Structures are given as structure tokens and as C-alpha cells.
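Here are the chains, one letter per residue:
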Amino acid sequence: MNHDNDMPLSGHNEKYLLRKQVPHVYCKRPLLAWRRDWRLFIRDPVGLLGLGLIAIFALMGLTHSFLLSTVWDRTTYHPMVGFDYDNTPHPNKPSWKHPLGTDSMGRDVLSQLLYSSRTSFGVGLTAGIVATTLAAAVGVLSVYYGGKVDTLFMVVADAFVLMPPQVVLLVVGLLIDMDWLRVGLVYGVFAGLGTLALIAKSHALSIRVKPYIQAARVAGGGDWHIIRTHFLPNMLSLIIVNMMFTVTGSVLIEALLSFFGRTRIRMSWGTMIWFTQSIFRLSPFGEQWHVILPPAFAIMLFCGAFYMVGRALDSVVNPRLAQR
Amino acid sequence: MYKYITRRLIRALITLILFQTILFMLIQALPRDYASLVRISPVHRDAIRAMLGLDQPVWKQYLKWIGRFLGGDLGFSFAYRTVPVSRILTTRAPRTLLLFLPAAMGGFALGLWLGKHIAWRRGSWLELGATLGGTALYTSFAPWLAFVMINVFALSLGWAPPENVVDPNVWIWQQVIPETVIIQLLQTMVLVSLLFLVLWRVTRTAVGHRTHVRLAGGGLILGLVILVWLLSGWIRLALDILHHMVLPLTTLMLLSFGETMLLMRTTMVDVLGRDHVLTARAKGIPDGAVRDRHVARLALLPVLTHFIVHLPFVIIGSFVVERVFSWRGMGQALFDAADMYDLPVLMGILSVTGVVILFAHLVLDILNAWLDPRVRDDQLQAMAG
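If you read the protein sequences in the order shown, they are chains B and U. So in numbering that gives the first Met the number 0, spot 258 of the first sequence is number 257, and the numbers just go up one at a time. So in numbering that gives the first Met the number 0, spot 375 of the second sequence is number 374, and the numbers just go up one at a time.
Looking at chain B on its own, in the form it has when it is part of the complex:
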């Protein structure tokens, strides 16, 4: 039952491996398939750039707690309640002590910037994981069981498509102040049951007709066995791609909600801009550029990084877009 015989996946055939697109059927040897996808992926400068940026942001989040426990004095550099008593009045321009200056409450901007990358990772990953888990479950179950289950799931998905997570979050988020976990959860649920479920279903449909599913069934594999060992591993790449796009969308909408001052998130990039903007309404840039610009660029780079990785990965693993 080895369907990969026609694929030259061994290491010494690397040249051929890179140039020619091999068929998108791998049920066994997922490690080799992953290695092939990885090689295709790192040829794309855009994807690599995105991956590098994500690593930098992750480092930023980690560095913050490290700095706060070693070099930085907690009373001065705490992102929420810190205050610099030495250099009043605030805001301060960038200096050696505060590389990005301080905001009007005397808090260090760099500290806030580093800390906020954690919030963004929290929102984005929560939304991404919830959305893709739900979508994969709905897609696989409705394809595998078909019939009434399929009809039920698809009617629900159709209805959820009419409620895009961004719009729902904007409306509900304006009514109730939510913390980052709830923002992520709401985004995940509404994205995962809607558009993403339809995408996952169409992908699962293309897997159902593959011969190894028939073979597994003939060999006496149970439902759960087939789903676990055949459907899910083959859908994993697509799931990861969509997770990237979900992260982009959820972080953007979280920033928007925070920017309008409608969340209970204590510190995020959107909150930083909102705070400065609400005090210096008339001159958003003049005095305050060192508080406004870093979070704005951080949002752009963070979302852009996940988006670029998603796009690059998409062109590798999406059978329709695979490079020839």
C-alpha cells in the first residue's frame, strides 16, 4: 500500500526534487513530505523574511520578562504601572535610558512595545488554534459521515459565513469590553465555523477520493483510525496555512478594537496608539511620533510576517498553486 513509489524522495535526488512538482499524495512517510515542503518553502525569500520576523517578535516577548527581571528596574520600566521619576515632565524624547522615549504617563515605550508582542501572540494563536481546530473538525466530519451530518454542518457554516468574525467583533466588542482571550476565542469560533470550515471541507473532499482511503477502509480501519491517520495528517499543511491568515486577521481586529478603546486589554499595540491619540488628539505625530510610530509599524510587521509565511506556504502546499 505504498503510493509514494513514483516519488523520488530520497536525498541524493535533490535536484529533481526541487524542480519538479511531485503529486500531492502522501499518506505515509509524512516526514519526507515535510522535508520536501520545507525545501520548497525556504527557496521563497518572502516566506523566509516572514519567518524571521516572527522569530524576532517571539524573541521580543521573551526578552521583555528577562530584561524586567535583570537589567530593568520594575518601578521605572514596568509596561503598565512604571514611572520614571528622574526625567520629568513626560513624554520624553528617545534617550539612552529610554531608547524609544516615554509616553505621557511616564512609562517606557520600548518596554510597552516588547510586552505587547505577547498580547498579539496570545490573541493570534488563540484565534488561529480555535479556528483551525473547529474548521478541521467540521470539514472532516461532514465529508466523512456525509448525509445529515454534512447538511447540518453546511447550513450552519452558510449562516456563519454571513457573520464574518471582523464585523461581529467590531459590533460585540464595541458593546462589551473583552480581554485578549475572549477576542481570540470569538474570532476563532466565528472564523472556524464559517469560511474556514468551507475551505477545510473542500480540501477533505479531495482527500476522500484518494485510493488510500479506500484501501484503509478495505483493510478494516475504524472511523477514528482513518480520520486520525489519513485525513488529519494530509490536511495539516492547509490547516497551518489558514492558521497564519487567521492570526493576521485577528491581530488586526484586536488592534482596531484596542485603538477605539473598547477592550479590557491592558497593554497592546492598539492600546498604545489609542492612549496617545486620545490625549494628543490634534497632533498625532508632532510631539508623539516616538510613541505612535513603533506600535504602528509593529502591527504592520507582525501581521505582515504571518501573512507572508501563509502566502509562501500556500504556494508550496496548495495543490492548485504549487510551483511547477
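If you are wondering where the hints come from, they were derived from the structure by calculation, not from laboratory data. Any given hint might turn out to be false.
[Unchecked claim] No farther apart than 30 Å at their CA atoms in a straight line, the calculated lysine-lysine pairs in the DSS-like style are these: (1) B:K147 x U:K63; (2) B:K147 x U:K282; (3) U:K282 x U:K115; (4) B:K209 x B:K147; (5) U:K59 x B:K147.
[As the list claims (entries may be wrong)] Now the stretches of chain B that chain U is said to cover, found in silico as 3 or more residues with beta-carbon under 8 Å: (6) 166-180; (7) 304-312.
[To be verified] Per label pair, the in silico range of CB-to-CB distance: (8) B:S277 x U:T5: 47 to 57 Å; (9) B:M104 x U:G232: 47 to 57 Å; (10) U:G132 x B:W37: 24 to 34 Å; (11) B:T62 x U:T81: 53 to 63 Å; (12) U:A359 x B:P88: 50 to 60 Å; (13) B:R207 x U:L238: 56 to 66 Å; (14) B:R207 x U:R10: 20 to 30 Å.
What you are looking at is a predicted structure, and each value in this text was computed from that prediction instead of being measured. For glycine and all other residues, C-beta sits at the position ideal for the given N, C-alpha and C.
Based on these hints, arrange chain U on the given structure of chain B.
What follows is chain U alone, placed relative to chain B:
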């Protein structure tokens, strides 16, 4: 075909009812109910609760909710007492449409055009630059991009006004309200795009001088429209509105074109590898013709599908851009309603957005079925699947 459309319409109706059911559940899940959102005395609150039927059992409320929605009744606004939500939305809708339609179309067209060209010059620095630039614009923080536009083009250079829909100095002694002119502008826009479509379709089969005929026809249509507007006497008012539209429209287009461009590029690259492209090239067909007629046309449908699916992104973008530019449309209504806990208006906006998306999907599905017989026929579908 008709059978397919009927089936699709019935499904759309079921979807709509389920959509409203979920909205109803969303309201039930809110920590405060309709009546307790208004800041009034307890006596009044009980009276309102009885008036709205909130003291009745949930299933009765639910039936009433669905019935009213299907009848097109969205209820009354809390903030502007006795004004129906549907009237608030219909007065605000033209302004949003005036911004949203050209931005969506323009962004889509710009994305298609750019994507087509960068896919053709694959692997060049231009491609890398366009990809990075498109991603940066697509993922940039909408209010911030708007602030940059305001600061650079409105405050520093003074090319366009930074906010509002109209300039009071121009309108002060006029006999018309802006809505009338805006609706006229919308009608003109739709008419002109329809005429352009007809022109494009008619001249498609024309032999020789096609470009010249198209240019002349396009010029004629535009000239006629401008002439009619000149004669109508509202030209100054219309120009005022258009002048105020420049910055929000540009911002919205910059925000939305990147996604289409990148997808068009990937899809084009996919089509480029197919055999018929090689055949076309071998036959000696000029590069531009191969690109436009043999590659771009095939890539168009998936990109269009993706664009419709991602329409909510443009909707959100236009809401935010409206807020930043004080463009008093539906987005502004949303934020105002949220400030005043005006739940019926919020739910009305959610419902309208849902109906718009449903309509877009419906049109797309029917278009797909019309273009691709496999979609509308179950047997063919089974064979293809």
C-alpha cells in the same frame, strides 16, 4: 439552470433564518438585555420591557424576531426615539456605497492589473518589491494609514480636505441636500460602469482598430456624462463631494488592493505552467495577447471568488476609514450606536452586512453555475469529484 437557481434560493432563505437565529442567541447571551441598556428609571424600564415584549417567554420573542426580520422590519432606534432603524440605515447607505463601491472595484481592478504584470515578470526585483509593498499596505493598521494620508496630503500639502463629506461654505445657500447629489452620483457611477461593460462586450468581436474604438467610445461616454452634469447646475456640489472623497477612497483602495494582487500573481503563475500557454507561444501570438487572453482570463474566476469571500475585510476597512475621516455613513452610525448602546441599530448593521454578503455569494454561485456546467449538475459533479 432554473432548477439550480431555485434550489440555491431556498438554501439562501434557510441560511438567512439560521443567521437571524444566531443573532438572536447573540443578543440573549449579552449580559444586559435591550431595556437595561437604556439609562432610565426602573418604572420606565419595566414599561419599555413590556412594550418590547421582553417579559414574554423566549420562544415567543424568537418567533416575533424572525417574523419581523423577514418582513423587513429592523425595529426602532433607542438613541433617536421613534425613528425606525431601516430609515437610519437607508439615509446613511448612499454615503457608504459612494465610498465602498468605487473602492472595492478600484482596489480589485488595480490588484488584477498589478498582479498580472508582476506575475509576467516573475523573479525580478519588481516582483519582490511589489509583494512586500502589497503585504505592507494590506496589513497596515487602517487608522494609522489614514492618519499618514491626512498628515501628508491634507495638512502638509493641502491637496484634499482632511475630513467631512461636504464643505459648508459651498453648500450654504443651496436648495438641495447632499443626499440628493450623492444618489445622483451613485446612479451616474453605476450607469457609466454598465455602459463601459456594454462597450467592452460589443467591441470584443470587432476586427482591427479595437483599441481606438474602445478609447473613442470611452471618451464619448465620459464626455456625455460630464456634459449632463455641467448642464444640471450641480457640478460645483458634485465636485465638492468628489474632492472630499479623494483621500478616504485612496486609503481604502491602498488597504484592499494587496490581497487581490498577490492572489492574482499566484494564480497567474499556476496558469502559466499549463500546456495551452506553451501552444499559444509556439504559435507566435504576441506576449501581451498571451498574457491577457490566455492566462489572465483563466486566472480571473478564482481571484473573483476569493475577492467575494474576503469582502468583509473591505467592509470593515470602509467602516474604519469612515470613522477616521468623519465620513458620516454606516460606519459612523455603527460607532455612534455603540457609544449610545443603541442595540437595534447595531443588530440592523449586522443584519444588513449579512444580507449583502449573502447576496454577493448568491450572485457568485449563479455566475459560477452559468459559466461552469459542472457546478449546476449533480451527475457531472459526481464525475468530476
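Kindly indicate which numbered hints from before are broken by the structure, ordering the numbers from low to high. 2
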